[in-house]
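J.: Positions in the sequence shown are counted from 1; adding 54 to them yields this note's numbering.
Derived from the structure by calculation, the hints contain no laboratory data.
Bear in mind the structure is a predicted one, so any value in this text is a computation, not a measurement.
Misleading hints may appear alongside valid ones.
[Said to hold, decoys possible] Keeping only pairs whose Cα atoms sit at most 30 Å apart, straight-line, the calculated DSS-like set for lysine-lysine is: (1) 193 with 181; (2) 525 with 193; (3) 193 with 207; (4) 207 with 181; (5) 377 with 251; (6) 89 with 233; (7) 193 with 225; (8) 417 with 488; (9) 538 with 488; (10) 417 with 377; (11) 514 with 193; (12) 89 with 225; (13) 207 with 89; (14) 525 with 538; (15) 538 with 417; (16) 181 with 233; (17) 181 with 417; (18) 377 with 233; (19) 233 with 251; (20) 514 with 538; (21) 181 with 251; (22) 514 with 488; (23) 233 with 207; (24) 225 with 181; (25) 251 with 207; (26) 488 with 525.
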Amino acid sequence: MTGISPQKRNPLQPTVLNPTYPDGLSPERNALGDKAALAFQTHGPGEVCRWEIEPGSLTRDHWITFDFLPESEDLIVFKLCLFERGGESPCEIHYSALPFCQARARIPLSLTDQRQWRFPREGAWLKPLCFGSPVDPRKCDRFVLEVHRQRAKPARWLQTDLTVTQTPPEKLTDPFLPKGPLVDSLGQCRHREWQGKTTGLDELAGRLRAQHEASRTARWPGGFSRFGGWKDGPKLESTGFFRVARHENRWWLVDPDGHLFWSAGLDCVRPSVTAAINGIENAMEDLPDGDLFETLSSIHSDECHLFDHLAWNFHRVFGPEWKARWDRITAGQLRGLGFNTVANWSDNAMAREQGFPRVLTLKPSFSEVPRVFRDFPDVFDPRYDRAAETFAAQLVETRNDPAVIGYFLMNEPNWGFAAMTPAEGMLLSEGTSKCREVFARHLAEEPTEGLDPAMVLSGKAFSLPLPEPAKQACARFSSVMVEKFFRTLNEACRRAAPNHLNLGTRYHTVPPAWCLAGMSGFDVFSIN
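Take the sequences, apply the hints, and build the full model.
T.: The following block contains the structure:
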């Protein structure tokens, strides 16, 4: 087996690693465009191959890269695990790729400290995420590739050699497409068929015009109140705004007129079915030219260039005034289906004009406040309190709107995906902060094995693994951090919008115990 030798490796040359395979898996040599590759096929999740390396041959400056091309219609989710010598808790990189399109993985080993949960998607390489435990690349002795999820059908893909380099690998800008473009001119997958697939622009135009005509008479079911509440049910006090109340030993939302309200809503009610096209422009069968392309395009926060096929389709049918037609069709369909809420990440202007109850999606950037772990800000820094006031100002414009149910403070904070607590993550990287200062004072009053207050205060990084008493102390202080985090936001938002509900954070799964005290100020406890 070939590994990386730290004495012989040329830092300017990429190093190709040779894998071993579990029994029963013998990939064949194949070609991925103009590159040599192996052809894999698996019938279920599990280990695919592993690479052994010499500890000390990697650093956080290295990158892992390889090209791959899924040959299955259904999505395959992969997991690349990085293990320290003797360790059984790896850093896990989860990712996938568009079927029948060459993708390039470009994985910086700097993310092995777990301070970053998601890194930018590029081309056909989908949603690279970082899970598991932090590891030190200098101690790593093996990589393991697994199929994490797949359908019952065999999963098939091509993959080039895994390569380690000290410089960022080049981005892939002209991927190999063995079946031609992936998306037709209407925004549909070209390589799959299904009942109801639109055959062309004429069929699309006829359907949209019929939907627009039907929307003129669309109404909520007869039992709905004017805000979508339970008109024929118990009637409570009318306050003019949505609220929560306990009725007959059960908590309810209550609409502004006092009717009990069961919120049934859809996220992402907006004229947007987008494709991330940067790096895979050749995978689109057709795109508009010039100003119209620019009008129907946008740049996502992670620098993905998005193109909106839904908006283009409406524009082709209704012309430049297409947006008003979309508003009417969408509101009519929601009412006809019995939905009474326009939920997160939606077109609030449409909801307001069409008289729909809605929620607000706040954007917690806190860009002026230092981070201590992932997206968790230094909540004891004076700049955080000022940033909370700026954050809450997003609510001022709608503070007197009775159709606003409430607001989500954020969506799935990244620090909630980590295997460690925020305080533990803070200590595993270098840097001083006000949070460290407060933690050091706590530790001075309550000495803990493995946590020297002076070292906490110095900003030096602690080594893994922390002793169990230290982990428990980090969990306790994480509760302090989370309580300060949410209390500051809650109080600022109450001042900005006293009549609207705080709907929480849409936390990823059930929050751990150290989070719960900090969430007690929410009106509604929300999880995804």
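J.: A separate judgement is required for each hint: does it hold in the structure or not?
T.: Each hint, compared with the structure:
no., hint, verdict
1, 193 with 181, "27 Å, holds"
2, 525 with 193, "22 Å, holds"
3, 193 with 207, "37 Å, violated"
4, 207 with 181, "22 Å, holds"
5, 377 with 251, "23 Å, holds"
6, 89 with 233, "17 Å, holds"
7, 193 with 225, "28 Å, holds"
8, 417 with 488, "23 Å, holds"
9, 538 with 488, "13 Å, holds"
10, 417 with 377, "25 Å, holds"
11, 514 with 193, "19 Å, holds"
12, 89 with 225, "15 Å, holds"
13, 207 with 89, "27 Å, holds"
14, 525 with 538, "20 Å, holds"
15, 538 with 417, "18 Å, holds"
16, 181 with 233, "23 Å, holds"
17, 181 with 417, "21 Å, holds"
18, 377 with 233, "34 Å, violated"
19, 233 with 251, "19 Å, holds"
20, 514 with 538, "24 Å, holds"
21, 181 with 251, "27 Å, holds"
22, 514 with 488, "14 Å, holds"
23, 233 with 207, "20 Å, holds"
24, 225 with 181, "16 Å, holds"
25, 251 with 207, "23 Å, holds"
26, 488 with 525, "20 Å, holds"
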